[in-house]
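Participant: Sequence:
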Amino acid sequence: MLKTYILKAFTAAALIATALAGPAAATEKTAFRMIVGEPRYMDPNLATDFAIYVNAQLFQPLARTDKDGNLVLLQAKSIDLAPDGRTWKIALNPDYKWSNGQPITAADWVYSWKRILDPKTGSEAASFLSDVENAMDYNKGTLTDPEKLGIKATGDFTFEVVTALPAPQFRAKLALPYLTPVPKAVVEEFGEKWVAPEHMLSNGPYKLVSRVNDQSIVMEANPHYGGKKPAIPRIEMTIASGDQCTAQLRAYEANEIDFTTCVPSQDIARIRQDAELSKQLDPFPLAATEWVQFDMTQAPWSDKRVRHALALAIDRQAIVTAVSDGTNRIASTIIPDSIPGGNSGDALKGSIEDAKKLLAEAGFPDGKSFPQFTLSTPATRERPLIAQLLQQMWADNLGIQMNINVLESNAFRAWVQTRKTEKYDIMINGWWSDYADPANWFGDLITADVRQNHFTNAAFAEIVKKADAETDPAKRAETFREANKILEDEQPMIALQNPTDLWMVKPDVEGLAHEGVLNMYHIGEAAFK
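Position one of the sequence shown corresponds to residue 1 (the working numbering), numbered consecutively onward.
Keep in mind that the hints are not guaranteed to be accurate.
[To be verified] Below, simulated DSSO-like cross-link-like pairs (lysine-lysine); rule was C-alpha separation at most 30 Å, straight line:
1) 184 / 148
2) 152 / 114
3) 67 / 356
4) 506 / 423
5) 466 / 89
6) 228 / 529
7) 67 / 368
8) 97 / 77
9) 67 / 120
10) 349 / 506
11) 465 / 529
12) 485 / 465
13) 466 / 148
14) 184 / 152
15) 485 / 420
16) 420 / 304
17) 466 / 349
18) 465 / 304
19) 229 / 506
20) 475 / 506
21) 304 / 368
22) 120 / 97
23) 140 / 184
24) 97 / 193
25) 140 / 506
26) 184 / 304
27) 506 / 29
28) 368 / 356
These are computed hints drawn from the structure, not numbers from a lab.
All chains should be built: construct the whole structure from the sequences, respecting the hints.
Facilitator: See below:
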């Protein structure tokens, strides 16, 4: 995802005080309690990290992707593509209103999407509207007139979006949590402070009633929400500043919260073997991949033989077992098989002996004279452990020595951005599908180089461009598959594992379902038994 691969855990363990009121009497439980990290942004047009899970309770896009990958309409009554293949006609459901009761109009949606593209906004979500006619010229500042964007209201509750070229992936993007409306009058009156509880208007099932930075967030049901009214009237979120997974599990086992979004690596086996806790474990395989990537502009990483050697010297099964008790899945290719165009049959094949031969051919027999290098990783979940395992595998199998640089998650994110122009050796990174289309991987991730891998290949780029414009799903998948073969042969990134989200949900909670792709949770659809 454009978002840094969604980070739901932080860097150091912390005990969580019960900053919010405890649960009500068992017969009258009204507040859903959970632990989250401090959101970087409460503005839905700006949030592209884990804050989207907090904001998803307050704001809604036009549609949602269910766990089977189907588009389910929310704020939209209909989404139709005109015969020209470029004009998307969107009709809004007039039953949806802002949390103050005012109607949400087409003008609100048009304003919000233009705001995302406005370079002064600085939204990382702008790339998700790149298909729109003149969008990137406007976002880069080479076009200054927002009226020339292919977004316009055609009525109080209808608007049109015109893409520069046929863009079949655009329908899936309409479910993105970043592409929600914001109230123009409030934003323009209060600026950055529009997200304060006393000012914020939301269009989702809940409204913000309290926020204390680094302490708590409280939401209550939006009485003007146009969808099904929430059965749970109140959400109480405690802010964790340390290791969120550990904090969540400890609070969960103390009956202080109702839900966890992850389980620490060291606790997975214990939870799975516990007669009661194992029943509360809710695993969900993600359309996501974690990998090791190289700075492709630097030696020795610019040598494909070196990249192949390191890839073939990794025991992925050992990694998956060590970090997830086997709940994650081995990834032999960057693009998961669940994504059209991805195919594990394209994986690099060979043995450790092949790896040694390749390294020798590159000028480093038995690892001799191989430069000492550094692997950088965020201190997130199991990634430092993965780094240690890779360090050992490459030393044992290839005779090369590696240093490890562990960075706090936000510091790592900032560090990655500086790699646009600054050199590095290798890093652990990853990607999580934002929307159900291969363009999110082949285009948004690799072609756009958002992870600073600096992989360039003219044949790959041309094939991706051809696939993007193909409207026949089968032909489109076949074309992306051609690009996948090039990607796996080049090995600019070494796939390691496909993660599985491990939720834990209290037995008295029902209806908290996994959403496909981003695996969002929607508390408004849950209830207490």
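Participant: The structure should be examined with respect to each hint, and the outcome stated for every one.
Facilitator: Going down the list of hints, with the structure as the test:
no.	hint	in the structure
1	184 / 148	20 Å, holds
2	152 / 114	10 Å, holds
3	67 / 356	43 Å, violated
4	506 / 423	47 Å, violated
5	466 / 89	25 Å, holds
6	228 / 529	18 Å, holds
7	67 / 368	49 Å, violated
8	97 / 77	14 Å, holds
9	67 / 120	35 Å, violated
10	349 / 506	44 Å, violated
11	465 / 529	50 Å, violated
12	485 / 465	15 Å, holds
13	466 / 148	26 Å, holds
14	184 / 152	15 Å, holds
15	485 / 420	26 Å, holds
16	420 / 304	21 Å, holds
17	466 / 349	28 Å, holds
18	465 / 304	24 Å, holds
19	229 / 506	22 Å, holds
20	475 / 506	45 Å, violated
21	304 / 368	18 Å, holds
22	120 / 97	28 Å, holds
23	140 / 184	23 Å, holds
24	97 / 193	21 Å, holds
25	140 / 506	47 Å, violated
26	184 / 304	51 Å, violated
27	506 / 29	13 Å, holds
28	368 / 356	11 Å, holds
Checked against the numbered hints listed earlier, the structure breaks hints 3, 4, 7, 9, 10, 11, 20, 25 and 26; every other hint is satisfied.
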